[in-house]
Amino acid sequence: MKIVFKHLCKYFGRVKAVDNLNLEVGDGEFIALLGPSGCGKTTILLMIAGIYKPSKGFIYFDQRVINDVSPKDRKIGMVFQSYALYPHMTVFNNIAYPLKLKKVPRKETKERVQKVADMMGIGELLDRKPAQLSGGQQQRVALARALIKEPEILLLDEPLSNLDARLRIMMRSELKRLQKDLGITTVFVTHDQLEALTMADKVAVVNSGYLQQFSGPDELYNHPKNLFVAGFIGSPPINFISVSLQKSDGRFLLKNRDLQIELAKEIGSKAENNSTSSEILLGIRPEHITINKKEGIETEVYVVEPLGRDILVSVKLGKSMIKVFASPSFKANIGDRVKLNFNLDKIMLFDKKSEKSLLLDKD
Amino acid sequence: MRLPQKPRAALAYLVLIVPSALIVLGFLWLFITSFSTRTEGLRSLGWTLRNWSFLWESPFGPQYPSIWWVTLNTLVMSLVMTLIVVVVSSMTAYALSRMKFTGRKSFLSLTLILHAFPSVTLLIPIYFVLIWVSKIPVIGRGVPLLGGLGYNTIGGVALVMVAFQLPFGIWVMKGFFDNISWDMERSALIDGASRFRVWWQIMMPNIKPGIAALSIFSFITAWNAYLIPLTFTAGRAGKSAVLSLYLQNFISESVMTEWNAVAAVGLFQLIPVVIFFLFTQQVLLNIYGGGKKGGV
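Chains as they are written, first to last, in the numbering used here: chain A, 1 to 363; chain B, 1001 to 1296.
These aren't lab readings, by the way, just hints derived from the structure by calculation. Hints should not be assumed to be uniformly reliable.
If you want the footprint, here are the derived chain A segments under chain B, 3+ residues with CB under 8 Å [what the hints assert, rightly or not]:
#1 28-41
#2 93-107
Just some of the chain B residues that point at chain A, by a computed CB distance under 10 Å [claimed, not checked]:
#3 Ser1036
#4 Thr1039
#5 Ile1139
#6 Trp1182
#7 Asp1183
#8 Glu1185
#9 Leu1189
#10 Asp1191
#11 Ala1193
Distance windows between CB atoms, simulated [as the list claims (entries may be wrong)]:
#12 His7/A with Leu1114/B: 44 to 52 Å
#13 Val104/A with Phe1128/B: 51 to 59 Å
#14 His7/A with Phe1128/B: 53 to 61 Å
#15 Leu1112/B with Pro36/A: 37 to 45 Å
Ideal Cβ placement from N, Cα and C applies to all residues, glycine included.
In isolation and in its complexed conformation, chain A is listed as follows (with noise of 0.2 Å):
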């Protein structure tokens, strides 16, 4: 099932939850809607599961408008944050509502549910109520619920921040694998850029209901359309310093108090030529400097987070603070004076006034 929206707006009052989305979703699709909390993702996704009606604009499932369409018509599956089982029946008649509901016989009832439930791992459990299961397996039941009308389109409403560190890490994968093995259009929302980079295909970020970026992971993380794209995306988040892009003598160089970094010619052209004022942001990834104790940029240790795998540096450049990934090796003390090299292939250019990156062909 293919999930189209065109123009979808959504009001509450005065207050614009989602404004002109436009979007396509393919068939067999995992895509995430990421953003900050109140970004108006969830308002996206009840509007799919027909909770919400659009205040404007369409939602196309295939060919067909659904904007009028009652939920319990939209062959979709929903499992919500809270999971919202249904706390005074037990796991079985959970499980077995949605069949209830459309009269299925009993004995057709019984061998489904008992199908979902040990396709999910919990078999056994049927008996108990939500009350006495673990947060995990309360997350399985939901899931069960949602699968067992064999929907055509499976919605998650942040289905891992419930669950405690381990568990999450455990489900993101069984999430994945599962939703490919089922190749069920699903749509997830997440506030968690982690979660979403390493299940979806495809995601959305959105922020204050407007769509940002549209795209898979890798383009996300490597080639963020706009400043607030670049700093949601990556953990630790990207350093942003504050340059003015020069030109002399052909050459196009970023300066600022504390530094000066030569562009490659293309890159630099292109950044001229979309930027607004010679006042630019420089965005870099931590893992895209490296510490070097001869040439570089001068900066002055802050603080050191070993992390086992690396250690995370805090570095001061002038009045910012800079992170950066050195080896496990590294070694050094808060004052300390260190040398940054920055990976000229791996730099991002943002206008200050419009936000967008300067480094995009124009569209």
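Chain A is fixed; fit chain B onto it per the hints.
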């Protein structure tokens, strides 16, 4: 000034015991009096069961209903009233809590205003309404047990009591509904349930404390009601009398009042309520606070 621990506890006990003692004293007098011929203060001057004779013979003569008939009236009236209040309140409260419709806010304010409204002022207009209802065939005067829904019937009294109890019931039930997570309902709607099914199969089972609290409160209010049954039934020992009215018959201006009998009948009316209360105290305390936490 912080008092040291022991005197502080003693003070607390004092503040609690003195008023409680006064109240208990009253009940003690009631109990002793009902089993005595006469009392001097709390001292009985002779034990007897004579005062309780109304249990097996009518004290006013054979043409008047016995206490058991009156008790049945009271029970039927209270149960019918409680049932209607709970059903109507929960349906209304669900709509007010979950559905969007024009006039919702005004309706809510109206409910609150009616809750505080002095019901006494409406007695005369209601009398006219009930007289009119009596004229309707069948339900006016002919319903078995209830006697009908018009004037001078148990059904009529129950109806009026329902009307006066509804604003409170709606407000309380709405509080409980508001505490249930929206996600549970949304999930049921997506699974294919109609609004009515959601109300009956998903919401109501999770509101049990609210239903219990409202039922108890309403039942006790109806059981003890005096003004409304008095106004809307004819005769204090008539066919439609309730216990509180029956009690009045023992107090008269022409003959010397038998206070001992009054005590006995009063105690008789009191016993079911006390027993009820003892078992349901915890649930009652929840009523204004709203129900349990919703959702999983």
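Of the hints stated earlier, which fail here?
Of the numbered hints, 1, 3, 4 and 5 do not hold.
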